[in-house]
Structures are given as C-alpha cells and as structure tokens.
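Order-wise, the sequence lines are chains A and B.
Numbering (full-length UniProt numbering) for the first sequence: 1 to 142.
Numbering (full-length UniProt numbering) for the second sequence: 1 to 340.
These are calculated hints, taken from the structure and not from any lab test.
Values in this document were obtained by computation on a predicted structure and should not be read as measured data.
By construction, the Cβ of each residue, glycine as well, lies at the ideal position given by its N, Cα and C atoms.
Among the hints, a few may not be true.
Claimed, not checked - 20 Å max Cα-Cα, derived SDA-like pairs, lysine to any residue: (1) Lys131(B) to Glu84(A); (2) Lys305(B) to Ser2(A); (3) Lys263(B) to Glu84(A).
Claimed, not checked - Chain B regions said to be covered by chain A (calculated; three or more residues, Cβ under 8 Å): (4) 262-270; (5) 290-301.
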Amino acid sequence: MSTLVTVLRLPRGPDPNGRGFDPNSTRFVALCPTTISASTETWTDSVEVGEEQRARSALRESFLRTLIAMTNKQVQFHMYERVEVEAKFGASDIDVLNFQVSELQTPIGVQKEALLRAKHRKMLLMTVYDADDPPIELPTDD
Amino acid sequence: MAMRQTPLTCSGHTRPVVDLAFSGITPYGYFLISACKDGKPMLRQGDTGDWIGTFLGHKGAVWGATLNNEATKAATAAADFTAKVWDAVTGDEVLTLAHKHIVKSVNFTQDSSCLLTGGNDKIIRIYDLNKPEAEPQEITGHTSAIKKALWCNNDTQILSAADDKTVRLWDRNSTEVVKQLSFDMSVSSMEYIPDGEVLVITYGKTIAFYNALSLDMIKTVDAPASIHSASLHPDKDFFVAGGDDFKLYKFDYGTKEELESYKGHFGPVHCVRFSPDGELYASGSEDGTLRLWQTAVGKTYGLWKCVLPGEFSCVCAFPNHFQSLEFTTGGLQVVETAQG
Numbered sequence: 001m002s003t004l005v006t007v008l009r010l011p012r013g014p015d016p017n018g019r020g021f022d023p024n025s026t027r028f029v030a031l032c033p034t035t036i037s038a039s040t041e042t043w044t045d046s047v048e049v050g051e052e053q054r055a056r057s058a059l060r061e062s063f064l065r066t067l068i069a070m071t072n073k074q075v076q077f078h079m080y081e082r083v084e085v086e087a088k089f090g091a092s093d094i095d096v097l098n099f100q101v102s103e104l105q106t107p108i109g110v111q112k113e114a115l116l117r118a119k120h121r122k123m124l125l126m127t128v129y130d131a132d133d134p135p136i137e138l139p140t141d142d
Numbered sequence: 001m002a003m004r005q006t007p008l009t010c011s012g013h014t015r016p017v018v019d020l021a022f023s024g025i026t027p028y029g030y031f032l033i034s035a036c037k038d039g040k041p042m043l044r045q046g047d048t049g050d051w052i053g054t055f056l057g058h059k060g061a062v063w064g065a066t067l068n069n070e071a072t073k074a075a076t077a078a079a080d081f082t083a084k085v086w087d088a089v090t091g092d093e094v095l096t097l098a099h100k101h102i103v104k105s106v107n108f109t110q111d112s113s114c115l116l117t118g119g120n121d122k123i124i125r126i127y128d129l130n131k132p133e134a135e136p137q138e139i140t141g142h143t144s145a146i147k148k149a150l151w152c153n154n155d156t157q158i159l160s161a162a163d164d165k166t167v168r169l170w171d172r173n174s175t176e177v178v179k180q181l182s183f184d185m186s187v188s189s190m191e192y193i194p195d196g197e198v199l200v201i202t203y204g205k206t207i208a209f210y211n212a213l214s215l216d217m218i219k220t221v222d223a224p225a226s227i228h229s230a231s232l233h234p235d236k237d238f239f240v241a242g243g244d245d246f247k248l249y250k251f252d253y254g255t256k257e258e259l260e261s262y263k264g265h266f267g268p269v270h271c272v273r274f275s276p277d278g279e280l281y282a283s284g285s286e287d288g289t290l291r292l293w294q295t296a297v298g299k300t301y302g303l304w305k306c307v308l309p310g311e312f313s314c315v316c317a318f319p320n321h322f323q324s325l326e327f328t329t330g331g332l333q334v335v336e337t338a339q340g
C-alpha cells in the first residue's frame with residue numbers, strides 16, 4: 001500500500017480584487033525602494049521623512065510653476081536621434097506623459113495641434129525662449 | 001512504504017496554459033511565469049506555486065512567456081501581435097513591441113539586454129532593450145510560423161523551431177543559418193540547456209536530445225503517447241514529458257527507461273519544465289491549471305512534507321476522491337490527492 005505525500009497547504013491562488021505584486025513583499029521593498037521611506041513598512045525617522053516631504057513639495061511646486069510659465073511660449077524639444085522640433089507649449093497631462101502643443105514645426109510640415117509623448121524617453125530637454133529673454137534649458141521631471 | 005506523488009495544483013487561469021518558464025535562482029528564491037490563452041500571464045513563487053501577480057495588458061491569448069535569470073523582467077508573446085516586456089517586481093508593463101502577426105516566443109539574453117521574438121510572420125527578431133525605439137535585427141529563412149526561438153552558445157547563436165518542420169541554428173551577427181535539422185513532422189517543443197549544451201526536442205511520440213552546438217543527435221526516446229513538451233533535469237539523470245494522454249512521464253536519461261507516469265491533469269499537457277534546482281517540475285495543461293510535481297517523491301521541499309514511517313496512524317479518503325484526512329502524531333491534515 002502506498003501513502004500519499006503530505007502537503008502543508010495548497011498553493012495560494014490569485015487575489016480576485018487586484019493584480020498582485022504586493023508592494024510590502026520583501027522582494028518589492030528590496031528591489032523597488034522609494035525615497036519616501038514612509039511608504040514602506042520599514043522603520044522610519046519621522047523628522048527625516050518630514051524634511052524629505054518638504055523638499056519634495058518644494059520641487060513639485062517649482063516644477064508646476066515652470067509648466068505654467070511655459071504656457072503659450074515658444075519651445076524647442078530635443079528628442080532622440082538628434083531630432084529637434086519647435087512648437088508653442090500648451091500643457092502637460094497630470095502624469096507628465098504627454099505634452100499638448102500647437103504649431104508644431106516638423107520636417108514634413110506644420111502640425112496645428114499635436115500631442116508629444118514623453119513616455120519611454122530617458123530625458124527630454126526643452127529650451128524655452130521668447131523674444132526678450134535669452135533661452136534657458138529646463139530638464140523635465142522624466 | 002512507497003510514497004505516492006501529490007501534485008500541487010495552481011489554479012487561477014481560466015483557459016489552457018500553453019507555456020511556462022522558470023527564472024534562475026535569485027536571493028528571493030526562484031519564480032515561474034505561465035502563459036495562458038486567457039491573455040493574463042501570471043507570476044508565481046517557483047517552489048510553492050503561490051501566486052504573486054498577474055501581468056495585465058495583452059488583448060489576446062498569450063502564447064509564450066519568459067523571465068530573465070534574476071526574475072526582475074518578464075516577457076510575453078501574444079496573439080494581439082505584440083510582445084511585451086514587464087517589470088517582474090512591480091508587474092508594470094515596460095515595453096510593447098509591435099509585430100505584424102501573432103507572436104509565439106520570447107527569450108532574454110543572459111544579461112537581459114536583448115530580447116528574441118518569433119511568431120507567425122516567420123521572422124526572428126532581436127530587440128535591443130537599451131534602445132527600444134531602434135528597429136530590431138531581423139532573421140529570415142523559415143517558411144512557416146516560428147514556434148520557439150532561443151538564444152544559445154553564450155547568446156552568440158540562435159536556435160529556432162518552426163512549423164516548416166525544421167530546427168535551425170543561426171549565427172547572431174551574420175544572421176546566416178549555421179546548421180539545420182529536418183523532421184517528418186512539426187516539432188512540438190524545444191528546450192535548451194546551456195550547461196552541457198543540450199537541446200531537447202519533441203515531435204510525435206519522440207523526445208530527442210541533440211548537441212546544441214553541432215546539432216548532432218545524442219539519443220531519442222519514444223513515449224506511449226504524443227508528446228507536447230519535455231524537460232531534462234539539471235543533473236541530466238532524468239527527463240519528464242507530457243502530452244496528449246494527460247499524463248506526466250518520468251524517464252531515466254541514461255537508460256531511457258520509463259520510470260513513472262502520473263495522472264492528474266484533466267486535459268493534454270502543453271508544457272513541462274524542471275525548476276532550476278531540479279527539485280520539482282511544473283506542467284501546464286489544456287485544463288487551465290499548472291501542477292507542481294516532486295522529483296524525489298516524499299522529500300520535504302516547498303509545500304511537501306516528508307512524513308516518516310510510524311508517524312501515521314490512519315488515512316481516510318473523502319467520498320469526493322480528491323482529498324484524504326490523515327491522522328498523525330502531529331495532528332490532523334487534509335491532503336489533496338493525485339488521481340489514479
């Protein structure tokens with residue numbers, strides 16, 4: 001007579017409510033650290049977190065003000081493969097994945113309205129200028 | 001007392017499981033990815049089968065899935081004409097690579113810098129993942145849909161199997177064919193073992209072993225039924241195979257003797273692979289499940305527990321025939337049984 005091998009439990013199945021990849025798992029915490037240590041379950045120094053939060057808020061505000069200041073300004077996009085296009089900057093979407101522009105000057109003609117994708121780009125440089133001010137280079141938060 | 005194999009069933013998929021792959025051994029264990037016709041490939045902890053996450057994004061059946069050695073990246077091939085690269089830690093989609101037809105196979109290089117794809121458009125493509133916008137290198141030659149394309153020989157060569165009944169070895173740089181094998185029927189699966197340069201090919205009822213560098217045949221073994229997939233143990237002492245009759249077969253690689261056969265799946269077995277440590281093998285089936293099987297039946301490993309003689313006092317089977325109640329010195333346990 002043969003005996004069945006004992007199992008401690010059955011394998012855990014999928015969570016019907018989510019796609020998984022638990023951000024609190026050891027592997028996730030180790031391989032995807034965030035600078036906001038409060039978002040993990042590791043011990044935190046509340047003073048350190050507070051200072052970090054303040055710095056991040058200041059940077060976010062500065063970035064948003066920059067985007068507002070760029071509205072309707074003439075902008076030059078430096079993209080991959082040494083492509084450079086000029087357009088009038090309109091707006092960015094909330095995740096800074098797309099930029100809405102007008103009068104986009106392309107090698108094959110002028111596009112009245114266009115959406116430029118920032119996704120999958122390591123870095124995107126935009127030179128903002130108008131007639132009276134010298135150009136300044138602004139790195140995007142990509 | 002002889003021990004009977006208790007496979008662990010991993011549920012979750014709702015359609016046939018057509019491909020599966022293990023990662024290498026990482027500091028967090030090893031992992032398993034499964035490709036399913038439901039379009040939702042899943043990542044699982046390799047030694048327990050515990051679900052970790054589902055990669056959401058494909059709009060069609062997923063025909064191929066793979067992990068890089070570190071299990072930090074995943075790649076999938078689908079009927080929506082795309083191959084996708086994923087972050088295997090967060091589950092996020094990283095890249096979508098558009099193709100002109102169903103994609104069947106994906107494979108990372110050892111350093112994860114390049115991805116090989118192959119599918120129904122008969123073209124093998126090499127993508128540089130550091131320059132995803134660049135056009136892929138293309139290798140043409142196959143006259144039918146490509147089933148599998150794998151890096152070999154330290155990523156300097158490529159092995160491909162297609163419905164044109166050939167297996168071809170290509171040089172990566174010249175994109176020329178180095179060697180070719182022709183068969184009387186389509187190859188159903190292919191596995192490449194870098195350590196020892198062994199190629200495992202299945203066709204009809206045959207499991208064939210070749211030298212991956214020279215494509216010289218080492219040996220062939222015939223199974224009792226049509227085989228869809230086979231896998232060689234890392235120590236090259238056993239191999240396992242599964243196919244049309246729903247069973248898993250275990251053979252001695254040296255003597256070619258059939259050692260065991262296990263029932264359990266409720267449909268044809270489409271894919272089977274040994275784990276990187278050789279302690280278990282996973283099978284995917286038309287029945288929509290993955291099952292994990294012990295290489296050494298009765299050994300304590302993962303969710304399996306070795307129970308020594310004398311620890312049992314009684315075993316009672318439930319009327320459903322799928323579970324049994326075991327009274328042991330350690331307490332009561334409900335155990336899921338293998339069928340047959």
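Looking back at the numbered hints, which does the structure fail to meet, lowest number first? Hint check: 3, 4 fail, others pass.
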